[in-house]
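Sequence lines, in order, name chains A and B.
Just add 24 to the spot in the first sequence (first one is 1) and you have this note's numbering.
Just add 24 to the spot in the second sequence (first one is 1) and you have this note's numbering.
Read the hints as simulated data drawn from the structure, not as lab findings.
Keep in mind the model is a prediction, meaning the values are calculated, not measured.
Mixed in with the good hints there might be a few duds.
All copies of an identical chain are treated as equivalent in the list; a pair is satisfied when it fits inside any one copy or across any two copies.
[What the hints assert, rightly or not] Quick list of in silico lysine to aspartate or glutamate cross-link-like pairs, DMTMM-like style, CA-CA up to 20 Å: (1) Lys368 x Glu254; (2) Lys354 x Glu57; (3) Lys173 x Glu57; (4) Lys152 x Glu68; (5) Lys368 x Glu327; (6) Lys122 x Glu327; (7) Lys356 x Asp248; (8) Lys356 x Glu283; (9) Lys278 x Asp203; (10) Lys354 x Glu260; (11) Lys354 x Asp372; (12) Lys278 x Asp103; (13) Lys314 x Asp337; (14) Lys304 x Asp69; (15) Lys253 x Asp69; (16) Lys314 x Asp248; (17) Lys354 x Glu254.
There are 2 protein chains.
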Amino acid sequence: MTDRNIMLTPGPTPLPPQVLEAMSRPLIHHRTETFGALFASVIEDMKWVYRTKGTVLMMTCSGTGAMESAVTNLLSPGDASLICTTGAFGDRFVAIQKAFGLSPEVLPFEWGRAVDADVLRAKLKTLKGLKSVFLQHTDTSTGIVNDLKTLAHVVREESDALVVVDSVSGLACEPLEMDAWGLDAVVTGSQKGLMNAPGLGFAALSERAEKAVAAARLPRFNFDYRLIKESLAQRETPWTPAISIVVGQAAALKLLRAEGLDAVWKRHFALADHARARLKDALGLPFFAKNPANILTGVILPEGVDGNKLLADILREEGISIAGGQMHLKGKIVRLAHMAYISKADVDAGVSALSRRLAKAKV
Amino acid sequence: MTDRNIMLTPGPTPLPPQVLEAMSRPLIHHRTETFGALFASVIEDMKWVYRTKGTVLMMTCSGTGAMESAVTNLLSPGDASLICTTGAFGDRFVAIQKAFGLSPEVLPFEWGRAVDADVLRAKLKTLKGLKSVFLQHTDTSTGIVNDLKTLAHVVREESDALVVVDSVSGLACEPLEMDAWGLDAVVTGSQKGLMNAPGLGFAALSERAEKAVAAARLPRFNFDYRLIKESLAQRETPWTPAISIVVGQAAALKLLRAEGLDAVWKRHFALADHARARLKDALGLPFFAKNPANILTGVILPEGVDGNKLLADILREEGISIAGGQMHLKGKIVRLAHMAYISKADVDAGVSALSRRLAKAKV
Chain A
25 MTDRNIMLTP
35 GPTPLPPQVL
45 EAMSRPLIHH
55 RTETFGALFA
65 SVIEDMKWVY
75 RTKGTVLMMT
85 CSGTGAMESA
95 VTNLLSPGDA
105 SLICTTGAFG
115 DRFVAIQKAF
125 GLSPEVLPFE
135 WGRAVDADVL
145 RAKLKTLKGL
155 KSVFLQHTDT
165 STGIVNDLKT
175 LAHVVREESD
185 ALVVVDSVSG
195 LACEPLEMDA
205 WGLDAVVTGS
215 QKGLMNAPGL
225 GFAALSERAE
235 KAVAAARLPR
245 FNFDYRLIKE
255 SLAQRETPWT
265 PAISIVVGQA
275 AALKLLRAEG
285 LDAVWKRHFA
295 LADHARARLK
305 DALGLPFFAK
315 NPANILTGVI
325 LPEGVDGNKL
335 LADILREEGI
345 SIAGGQMHLK
355 GKIVRLAHMA
365 YISKADVDAG
375 VSALSRRLAK
385 AKV
Chain B
25 MTDRNIMLTP
35 GPTPLPPQVL
45 EAMSRPLIHH
55 RTETFGALFA
65 SVIEDMKWVY
75 RTKGTVLMMT
85 CSGTGAMESA
95 VTNLLSPGDA
105 SLICTTGAFG
115 DRFVAIQKAF
125 GLSPEVLPFE
135 WGRAVDADVL
145 RAKLKTLKGL
155 KSVFLQHTDT
165 STGIVNDLKT
175 LAHVVREESD
185 ALVVVDSVSG
195 LACEPLEMDA
205 WGLDAVVTGS
215 QKGLMNAPGL
225 GFAALSERAE
235 KAVAAARLPR
245 FNFDYRLIKE
255 SLAQRETPWT
265 PAISIVVGQA
275 AALKLLRAEG
285 LDAVWKRHFA
295 LADHARARLK
305 DALGLPFFAK
315 NPANILTGVI
325 LPEGVDGNKL
335 LADILREEGI
345 SIAGGQMHLK
355 GKIVRLAHMA
365 YISKADVDAG
375 VSALSRRLAK
385 AKV
């Protein structure tokens, strides 16, 4: 019995040893030249990941904090937004907007399907004075990927709305070209494709988005982009950042830089192909997503199999974490992640464990 | 030349090796029994630190995030508050309240002095329908400690207002008895007396505070105490927490538990005495605070000495971080911290460096 733990979860993802080592170094103070230089390198590297010449801001928070920051920094009371929902994370944008007193239009798609560009276009034609359209890059609850390039193009053709993207689970896994595709605000978290521990959120902003920030009147302080940008000019954050996770992020970004972003995307395509081939061979069960992302594969369990018990058994007895379904899919699907620092060997171990357990469960 | 770095700063503070080791372990997933048990132990240990039987909630954020959470979870639009300011951090409560559309009464005290109980009482007599009084436990910008026991008693005698305390830099350094002193909400951060890396905020709530949370109508989502408390019942957080820092916090709390809280407080009294005796002997300069806390000592520099340059030189050439003055005290004082995991040897090294540099600066 070892205490080895394999994480096949779509965030947090396993940490490279270089990141663990970086986080174990004695803390440095955040108002020093040493930290300032490191922080500036993280911001520069994040622009490289986002493929943007725009502004990148960092916050100490979860992905949800970063999502909230996009809402409160871009919108004012009464602003009309359209939120495309493809699973649990579109619903989260809806919940955030409602918590801040807004009444967004919601365009829901069946779980497992991406946003349909024609349906979006038709909806946009019915809406006037729209300030923003909210989209997921990938939806972790269903394992789909949205065609952001096409969707952003449709939004630009039909409106003046900002294109606001949650790429918490997509960035540095699936292709994303912020400037080339005309995305206005893209938020993410440290614990997925960025191969770091959870605790940092990032927001990338186009010039249009920066104008919106200056005009936005929703209340915010901790996540106020204006204060964060002002401090960034001094290579600082307005409040004490999660220093060790910033140091870990610098180490992880160094790995991504060394590999090259196109190679990182290719690796994800290849690992997704590998995982699906193995899952098909070993399990022979249908996949959940109609528009599958490279980050994870959702597998529909046979009737009568209790997915919660299955995954709890695998975790307890084999030390492998695999995610189950969320909301109405709880117990009905498993979500096997193949993203970030997850290896082919990890995927193989997970598929083997699933296959053995399912064979037992059927007896 | 070594790369050893001594931090004599009032947050972040140096990390015990046990905490660094904990943060360097492979990440565990936050929706597992293993993490749930660890998280529950952190919450239980925090109740022990707060000396409360109330509710303790955890968030992924800086101290400022925890301060904002107290404002948005306890107050509604139009609520009257009194904010006692003794330095930069009282001003931060004012800025947060204003950002959320409130117009608090402000009772300012001269920098370097604690809140005067008689002045507070007189002010309270002039105010009607007050919902809350905001206080600092210790003010890091000036190095003062407030007599929270007496001040909370005065607030209770004169009003029904909640007593809301920022103990970001005081908790686990200076005595604090949340229940015995009748404090309603006390927020803190992980990176000071809690001997952990920055990235976690905590809020402890009395029953009265919990009722206020249920009634509060300021907008919040990421920091919504209702969602956080609901998840806590399942030993979870609503959003992905800064897992490695939670693991570090468990390790740091184990150290505090082993030492005992009274012993921790005594150690801070003794180290503060030691630091002041050494500073007096070696520097012979006046101290800034009239009501000094055990967490740090502010020393007023002689006219003509550039404090910013002095501290930058010490950091660059001797690897010792000492804080300077904030706001109008920039360059005019130095703030030498003697809190958390800072040792007598660290303090001695800092005092020696200051003494040598000041002797040079005078020539």
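Okay, the hints, checked on the actual structure:
| no. | hint | verdict |
| --- | --- | --- |
| 1 | Lys368 x Glu254 | neither (43 Å within a copy, 37 Å between copies) |
| 2 | Lys354 x Glu57 | between (48 Å within a copy, 17 Å between copies) |
| 3 | Lys173 x Glu57 | neither (39 Å within a copy, 40 Å between copies) |
| 4 | Lys152 x Glu68 | neither (37 Å within a copy, 52 Å between copies) |
| 5 | Lys368 x Glu327 | neither (29 Å within a copy, 65 Å between copies) |
| 6 | Lys122 x Glu327 | neither (36 Å within a copy, 55 Å between copies) |
| 7 | Lys356 x Asp248 | neither (40 Å within a copy, 30 Å between copies) |
| 8 | Lys356 x Glu283 | neither (37 Å within a copy, 48 Å between copies) |
| 9 | Lys278 x Asp203 | neither (22 Å within a copy, 48 Å between copies) |
| 10 | Lys354 x Glu260 | between (42 Å within a copy, 17 Å between copies) |
| 11 | Lys354 x Asp372 | neither (24 Å within a copy, 58 Å between copies) |
| 12 | Lys278 x Asp103 | neither (40 Å within a copy, 49 Å between copies) |
| 13 | Lys314 x Asp337 | neither (29 Å within a copy, 61 Å between copies) |
| 14 | Lys304 x Asp69 | neither (37 Å within a copy, 47 Å between copies) |
| 15 | Lys253 x Asp69 | within (17 Å within a copy, 37 Å between copies) |
| 16 | Lys314 x Asp248 | neither (38 Å within a copy, 35 Å between copies) |
| 17 | Lys354 x Glu254 | between (44 Å within a copy, 19 Å between copies) |
Of the numbered hints stated above, those contradicted by the structure are hints 1, 3, 4, 5, 6, 7, 8, 9, 11, 12, 13, 14 and 16, listed in ascending order.
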